[in-house]
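Protein chains: 2
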Amino acid sequence: MQRKSTTLKDVARIAGVSTATVARVLYNNGYIADETRTRVQAAIQKTGYRVNTVARNLRIQRTASIGHILTGIVPNPFFAGVALGVEQEASQHGWSVLMVNVQGDAQRERLGVETFIQQRMDAIMFTTPVSEANVRLALEAGIPVVQVERPTSIATHMVVVDNYAGSTEAIEHLIGLGHRRIVFIGGDPAVRSADKFFGSYVEEERLAGYRDTLCKYGLPFDERLVILGQYYSMNEPFETDIPLKPLLQGAERPTAIFATSDMLAARVLQEIYACGLRVPGDISVIGYDDTFARYLAPPLTAVQQPMIDLGKTAVRLALQHFQDEETPPAKPWQQVKLPTHLIVRSSTGPVR
Amino acid sequence: MQRKSTTLKDVARIAGVSTATVARVLYNNGYIADETRTRVQAAIQKTGYRVNTVARNLRIQRTASIGHILTGIVPNPFFAGVALGVEQEASQHGWSVLMVNVQGDAQRERLGVETFIQQRMDAIMFTTPVSEANVRLALEAGIPVVQVERPTSIATHMVVVDNYAGSTEAIEHLIGLGHRRIVFIGGDPAVRSADKFFGSYVEEERLAGYRDTLCKYGLPFDERLVILGQYYSMNEPFETDIPLKPLLQGAERPTAIFATSDMLAARVLQEIYACGLRVPGDISVIGYDDTFARYLAPPLTAVQQPMIDLGKTAVRLALQHFQDEETPPAKPWQQVKLPTHLIVRSSTGPVR
DNA sequence: CTGAAAGCGCTAACAT
DNA sequence: ATGTTAGCGCTTTCAG
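Protein chains in written order, with my numbering: chain H, 50 to 401; chain D, 50 to 401.
None of these hints come from the bench; they were simulated from the model. Since this is a predicted model, take the numbers as computed values, not measurements. Hints are supplied without guarantee of correctness; some may be wrong.
If several chains are the same, the list does not tell them apart, and a pair holds so long as it fits within one copy or across any two.
Simulated pairs of lysine to aspartate or glutamate, EDC-like, Cα-Cα distance not exceeding 20 Å [claimed, not checked]:
| id | residue 1 | residue 2 |
| --- | --- | --- |
| 1 | K53 | E163 |
| 2 | K95 | E253 |
| 3 | K95 | D83 |
| 4 | K58 | D290 |
| 5 | K53 | E221 |
| 6 | K265 | D358 |
| 7 | K58 | D331 |
| 8 | K265 | D290 |
| 9 | K58 | D154 |
| 10 | K95 | E163 |
| 11 | K95 | D290 |
| 12 | K53 | E84 |
| 13 | K53 | E189 |
| 14 | K294 | D59 |
| 15 | K95 | E84 |
| 16 | K265 | D211 |
| 17 | K294 | E221 |
| 18 | K95 | E301 |
| 19 | K53 | D331 |
| 20 | K95 | E189 |
| 21 | K53 | E320 |
| 22 | K386 | D271 |
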């Protein structure tokens with residue numbers, strides 16, 4: 050907003066018409082004489098006029114902007130994927146997106162929401178809300194909210210992933226390869242106990258898929274093969290040790306491991322190699338997310354999350370509120386569940 | 050901007066004062082009677098008033114917002130790091146950031162700049178501009194510009210990395226371990242020939258560091274050990290093959306490989322393993338960026354780029370324009386060069 | 001087909 | 001210590 054730029058008024062003066070007329074040619078509204086249009090367009094050209102969105106927004110009482118709150122765009126590339134999807138879909142519809150990374154901090158999240166309200170964002174998205182209270186805050190300001198991937202129990206639009214199916218598909222793949230002793234390793238749901246989530250935790254859904262699939266194929270569910278820990282950190286990429294060695298060096302070594310993120314799977318690979326084992330020769334590994342799975346050695350079989358699509362869908366839900374502006378009968382919140390896909394690469398193979 | 054929210058005027062009416070008075074307590078400006086302040090604060094509390102930033106921006110002719118254009122936040126996590134740095138530093142100073150991902154597309158980049166101009170962003174940042182013309186576009190609109198990491202030849206603020214030193218440090222580390230046949234693998238500078246860059250290409254700087262260091266230690270520069278290719282793609286993560294096998298299976302096998310990104314290094318590891326070799330036993334590998342280097346097997350020695358700091362510094366440069374508003378003698382564009390650090394992990398070892 | 005004019009919600013002189 | 005008021009740049013009725 051540096052040096053003063055051309056205004057509509059300037060253009061009008063130069064073209065010798067009123068501001069209303071300029072606005073008409075700008076938005077192709079109403080009748081306008083061809084000759085006038087040409088004259089106005091020439092003036093626009095000449096001055097390099099560009100509409101002042103700030104003034105426009107004030108006038109029309111909309112900003113066509115989405116505030117996007119991310120738990121942490123780093124270190125897990127999953128979030129960058131969602132952010133990209135959000136931005137792409139938004140800009141395709143002429144919307145803008147403001148982004149705030151809170152790195153897991155509820156206080157910063159609150160500030161983000163507060164700012165977004167002040168900026169009069171037309172919608173607010175949480176790609177993984179940290180605190181319920183902040184979701185409520187946005188809602189109370191009368192702003193449509195979309196929660197992505199790990200919604201709280203508060204009713205808003207939601208777009209989630211079919212974690213149960215994703216997990217099921219992974220385990221079935223392993224069972225199909227002859228595996229019977231399969232480790233499940235994931236973040237501990239209890240860690241997020243501060244908030245109540247809608248439905249069940251992502252991690253719980255995946256665990257349920259694991260358990261039910263074993264059951265379905267008549268395999269025993271062995272609690273010792275389930276490893277849950279607080280492996281996620283927004284700032285320090287997992288310094289926590291993964292208690293896998295005992296299993297790997299024990300008598301009844303598992304033949305496959307299902308990890309609930311690529312980052313975790315990568316750590317699992319490191320542990321496996323440290324024990325002198327080979328993948329998939331001695332043990333198969335499946336990751337989740339499909340972020341940098343393809344870059345690991347060997348290229349990792351992984352449950353692919355529809356990151357981009359998650360973001361795009363979230364935007365579509367938000368835009369709905371404004372599409373049919375004539376239908377104020379505020380439609381209820383919607384929940385969309387997206388499928389996952391198992392990408393089979395080289396980290397899984399038949400059991401020996 | 051949904052349902053009509055409380056305005057300053059409302060608050061004034063309820064508190065029984067003028068809007069000017071409310072503004073005074075809001076910003077703690079000028080004299081105000083304690084009693085009045087209390088009354089106003091009560092009214093603010095009661096109504097849940099929140100300043101309308103849109104109106105405010107129009108009035109003060111500033112937006113306190115930065116438009117951030119990213120070549121592609123996916124797939125290289127490097128960009129997410131920069132984006133985080135930008136956002137953190139901005140919000141710490143009460144600034145907002147709009148983000149646009151152009152995924153390497155000059156057309157989309159242009160649209161992004163155009164939008165940012167219309168939104169009256171106070172500054173525009175390019176984390177790796179795609180096209181010179183777009184940088185110029187922003188500049189012509191009178192908006193301060195910061196180019197990050199791979200600036201074009203256009204003069205603006207710039208924050209870059211000391212690629213030469215980064216490369217030098219990596220090669221010295223290898224030479225110190227006794228390596229003499231070291232492969233350099235990187236993106237081909239010629240690929241970006243469409244634009245002229247300021248100083249030299251990032252890749253060229255790194256190559257120069259490699260070459261000069263070999264020279265310094267009296268080692269021969271062997272062109273056959275330099276592999277340059279178009280390994281980067283914004284959308285499909287490198288499908289291109291890396292022509293490394295001939296070298297790995299040849300007579301005089303190199304004992305170390307220096308790759309100019311983690312993504313490339315990851316691919317190199319895969320090739321090495323495919324040839325049945327071990328790291329670092331048979332061959333050492335160094336990556337660049339230090340994004341997911343720690344997650345590879347073995348954990349990768351890598352030249353760490355100051356991603357967050359790159360972003361933060363860029364914001365600081367942009368803010369300078371507004372700090373000392375009284376000094377209109379527009380100070381010249383500044384260029385800041387940030388250091389890299391070699392993070393030694395387990396992918397490098399003494400030559401056998 | 002075109003123009004006049006009323007604000008959107010706020011800030012900052014300028015008065016008092 | 002507080003109030004009045006003139007815009008910021010734009011959109012959109014309402015008149016003609």
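Against the structure, the hints:
no.	hint	result
1	K53 x E163	between (30 Å within a copy, 17 Å between copies)
2	K95 x E253	neither (62 Å within a copy, 42 Å between copies)
3	K95 x D83	within (18 Å within a copy, 54 Å between copies)
4	K58 x D290	neither (66 Å within a copy, 58 Å between copies)
5	K53 x E221	neither (64 Å within a copy, 53 Å between copies)
6	K265 x D358	neither (31 Å within a copy, 51 Å between copies)
7	K58 x D331	neither (75 Å within a copy, 73 Å between copies)
8	K265 x D290	neither (32 Å within a copy, 42 Å between copies)
9	K58 x D154	neither (46 Å within a copy, 35 Å between copies)
10	K95 x E163	between (41 Å within a copy, 17 Å between copies)
11	K95 x D290	neither (65 Å within a copy, 50 Å between copies)
12	K53 x E84	neither (29 Å within a copy, 40 Å between copies)
13	K53 x E189	between (37 Å within a copy, 13 Å between copies)
14	K294 x D59	neither (74 Å within a copy, 66 Å between copies)
15	K95 x E84	within (17 Å within a copy, 55 Å between copies)
16	K265 x D211	within (19 Å within a copy, 57 Å between copies)
17	K294 x E221	neither (25 Å within a copy, 36 Å between copies)
18	K95 x E301	neither (79 Å within a copy, 66 Å between copies)
19	K53 x D331	neither (69 Å within a copy, 64 Å between copies)
20	K95 x E189	between (46 Å within a copy, 14 Å between copies)
21	K53 x E320	neither (61 Å within a copy, 57 Å between copies)
22	K386 x D271	neither (30 Å within a copy, 55 Å between copies)
Against the hints set out earlier in the document, violations occur for numbers 2, 4, 5, 6, 7, 8, 9, 11, 12, 14, 17, 18, 19, 21 and 22.
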